[in-house]
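**Student:** Take the given structure of chain P and dock chain A to it, following the hints.
In order, the protein sequences belong to chains P and A.
Mapping to the numbering used here: the first sequence position 77 is 149, numbers consecutive.
Mapping to the numbering used here: the second sequence position 172 is 181, numbers consecutive.
Treat the hints with caution; some may be incorrect.
[To be verified] Residues from chain P shown here face chain A by an in silico Cβ test under 10 Å; the list is partial:
#, residue
1, Arg100
2, Met124
3, Ser134
[Claimed, not checked] Cβ-Cβ distance ranges computed for the label pairs, FRET-style:
#, chain 1, residue 1, chain 2, residue 2, range
4, P, Met124, A, Gly245, 24 to 34 Å
5, P, Ile102, A, Thr295, 50 to 60 Å
6, P, Leu108, A, Pro187, 16 to 26 Å
7, P, Gly147, A, Arg182, 19 to 29 Å
8, A, Thr295, P, Ala92, 52 to 62 Å
9, A, Ala227, P, Asp119, 22 to 32 Å
10, P, Leu108, A, Glu83, 41 to 51 Å
11, P, Asp95, A, Asp82, 49 to 59 Å
12, A, Glu32, P, Thr116, 18 to 28 Å
13, A, Ala50, P, Gly147, 39 to 49 Å
14, P, Arg140, A, Ala227, 49 to 59 Å
15, A, Gly241, P, Gly147, 36 to 46 Å
16, P, Asp95, A, Pro296, 55 to 65 Å
17, P, Asp137, A, Glu83, 48 to 58 Å
Keep in mind the hints are simulated off the structure, nothing from the lab.
Just so it is clear, CB atoms sit at the ideal spot from N, CA and C, and this is done for glycine as well.
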Amino acid sequence: MELQRLRTVFRTALELPEEAEVDGLEYRGIEKWDSLAHMSLVATIEDEFGVMLDTDEVIDLSSFDRARQILEKHGVVLAD
Amino acid sequence: MLTEVFTLRQSEKEERLRAELVELVAHHRRNCPPYDRILAALDTDPEPATLAELPWLPVRLFKTRKLASVPDDEVIRVLTSSGTTGDVSRIHLDRAAAATQSRMLARTLGTVLGPRRLPMVVVDRAGVVGDRRSYSARGAGALGMVNFGRDHLWLLDADDRPDVAALKDFLARHGDAPFLIFGFTFMVWRYLYEVARDHGLDLSQGTLVHSGGWKKLADQAVDNAEFRRRLGADTGLTRIHNFYGMVEQIGTVFLEGPEGGSLYCPDFADVIIRDPVTWEEAPVGTPGLIEVISTLPTSYPGNLLLTEDLGVVHGVDDGHWPGKRFSVLGRLPRAEARGCSDTYTGGR
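Only chain P is shown next, with the shape it has when bound in the complex (with noise of 0.2 Å):
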């Protein structure tokens, strides 16, 4: 699977525009990742992955790499 995937989801959920650079993205790094953004992040990577993540996932959920690393989990692997 693409890696362009998940980066278009975080675009998507954290309302960012289309060429928005999102790899380097940290929780509450930008003002539009916040706690209620955070939810819709994760209902739409739930959504595109077909996954179901623990709330412990969620909370460890904390940047681009780590929801990449939490998806590899879930056996998604994205190709760069």
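**Tutor:** Just chain A now, kept in the frame of chain P:
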């Protein structure tokens, strides 16, 4: 119920907490000059033999001064809560403290909710979070809880009216398997209990987590026992957990056990009930002011706080989980609270 954080018997807990808190007090003294000055003035013992002898601060101090143990550029969140006086506490969190508080709150509530995120009813309106940068206490409470759920239903509309059709729809989709309900106590009563009762809705698969106190329900003669009894009898909801916590110790909650009626302290926290005149620890069964103790605060000196709430310890190592079990009895009347502040001369 599998638990990671309600495991320690009181004597073991007190020794662990004492040792950790001696370190934390020293850490805050090194990194928060105003805190160091307060403790220097109190001339406290740096290595006391008991938990009760560690120096506490009145919780209202966070309303009148900035107390942070990390440099400004490491602060990623400032939590605020308005108290009854209109003053605002300001709690400074760095990245580590913010992560720890979320994780430990999850461990604590995970004891009764399990690891899976359940479909969730929030007895509030989505707009309660308002301006995302200036959280109200109510909004912050709801936001802290949404991580535990999925497919959230915000029960109230913009005018704080419960959306009965949406609730029926939620129950049609999720009502036959475990789901989660969160809300402030009086709102759960007014907007969920009464609606569910009047419409004959079945909440028997739900687990309710609620907080906020009983004052607004006192005129209806609803206390904790009555709340539990009526919800069970009229809606089938029997898994009910009240909790007690405050923004000044964010991430630490004292949780009602499954049997109902008593709040329990997680392993990293404790309470001491103090006589409001002598400040001595009150015996089991004797009401007094609640001191809340937690090892979580690392970015601000909030580990040992004397609240303005009255409470009573019911027993020690004799309940569903080990440690102290207690109840909150309400706020200290305001005139007395002011008196306490006037006469406050320090923990020890």
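**Student:** Confirm or reject each hint.
**Tutor:** Status of each hint after checking the structure:
Nearest Cβ of chain A to the Cβ of P:Arg100: about 6 Å, under the 10 Å cut. The hint holds. The beta carbon of P:Met124 comes within 8 Å of a beta carbon in chain A, closer than 10 Å, and the hint placing it at the interface holds. Taking 10 Å as the C-beta contact cut-off toward chain A, the hint placing P:Ser134 at the interface holds, the least distance being around 7 Å. For P:Met124 and A:Gly245, the Cβ-Cβ distance of about 26 Å falls inside the hinted range of 24 to 34 Å, so the restraint holds.
Between P:Ile102 and A:Thr295 the CB atoms are about 51 Å apart, so this pair conforms to the stated range of 50 to 60 Å. Checked against the given bound of 16 to 26 Å, the beta carbons of P:Leu108 and A:Pro187, roughly 24 Å apart, stay inside it. The hint said 19 to 29 Å for the Cβ distance between P:Gly147 and A:Arg182, and at roughly 27 Å that hint holds. Judged by the Cβ atoms, the range 52 to 62 Å given for A:Thr295 and P:Ala92 holds: they are separated by roughly 60 Å.
Our hint of 22 to 32 Å for A:Ala227 and P:Asp119 is violated, since their Cβ atoms are close to 45 Å apart. Against the hinted window of 41 to 51 Å, the Cβ-Cβ separation of P:Leu108 and A:Glu83 comes to about 24 Å, which falls outside the hint. About 24 Å separates the C-beta atoms of P:Asp95 and A:Asp82, a value inconsistent with the hinted range of 49 to 59 Å. Evaluation of the 18 to 28 Å hint for A:Glu32 and P:Thr116 yields a failure: the beta carbon distance comes to about 42 Å.
Between A:Ala50 and P:Gly147 the Cβ separation comes to about 59 Å, which falls outside the hinted range of 39 to 49 Å. The hinted range of 49 to 59 Å is satisfied by P:Arg140 and A:Ala227, whose Cβ atoms lie roughly 51 Å apart. A beta carbon spacing of about 42 Å between A:Gly241 and P:Gly147 agrees with the range 36 to 46 Å that was offered as a hint. For the pair P:Asp95 and A:Pro296, the beta carbons lie near 56 Å from each other, so the given range of 55 to 65 Å is met.
At roughly 21 Å, the beta carbons of P:Asp137 and A:Glu83 sit outside the given window of 48 to 58 Å.
When the structure is compared with the earlier hints, violations turn up for hints 9, 10, 11, 12, 13 and 17 and for no others.
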